[in-house]
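In this text, residue positions in the sequence shown follow our numbering: the first is 1278, and each later residue adds one.
If you are wondering where the hints come from, they were derived from the structure by calculation, not from laboratory data.
Incorrect hints may appear among the rest.
Unchecked claim - Result set (DMTMM-like, lysine to aspartate or glutamate): computed pairs, CA atoms no more than 20 Å apart in a straight line:
| id | residue 1 | residue 2 |
| --- | --- | --- |
| 1 | LYS1337 | GLU1307 |
| 2 | LYS1337 | GLU1316 |
| 3 | LYS1337 | ASP1297 |
| 4 | LYS1337 | GLU1289 |
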Amino acid sequence: MPAAEIRQDGMEIRNASPADIPSLAHLMTELGYPTSTEEMGSRVALIRSRTDHAIFVADKNGVVAGMIGVSISPSLYQSDPQGAIIALVVSSDFRGQGNWRLFGGAWRKLAS
């Protein structure tokens, strides 16, 4: 998927970069899946090598506030491809502020 970004309500939704790997590992650990930086680095490298998967982060002033992993695949019920969320987490520091809603429209736009 092409590189893209969306700015909305003071938050930047953008493709995850290698610099985000420590934050992504921390988010997965918060979600209940203890993940080392090394493990996350391997996962991110694999996902970034694919054209049908993407990882987007919500960046608030240089801090990764959340992430969403998506996959795009052909659909049996429509002509357009379909997207599926494979991971979604908002940092505990940013929960309860409606930040996850930003991902809804943003990932569809970025993944298309």
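Do the hints match the structure? See the list:
Only pairs whose Cα atoms come within 20 Å are accepted, and LYS1337 paired with GLU1307 is accepted, the gap being roughly 18 Å. Among the hinted pairs, LYS1337 with GLU1316 is inconsistent with the structure: their alpha-carbon atoms are about 25 Å apart, more than 20 Å. Note on LYS1337 and ASP1297: the hinted pairing holds, with a Cα-Cα distance of about 13 Å set against a maximum of 20 Å. Restraint check: the Cα-Cα separation between LYS1337 and GLU1289 comes to about 7 Å, which is no more than 20 Å; the hinted pair holds.
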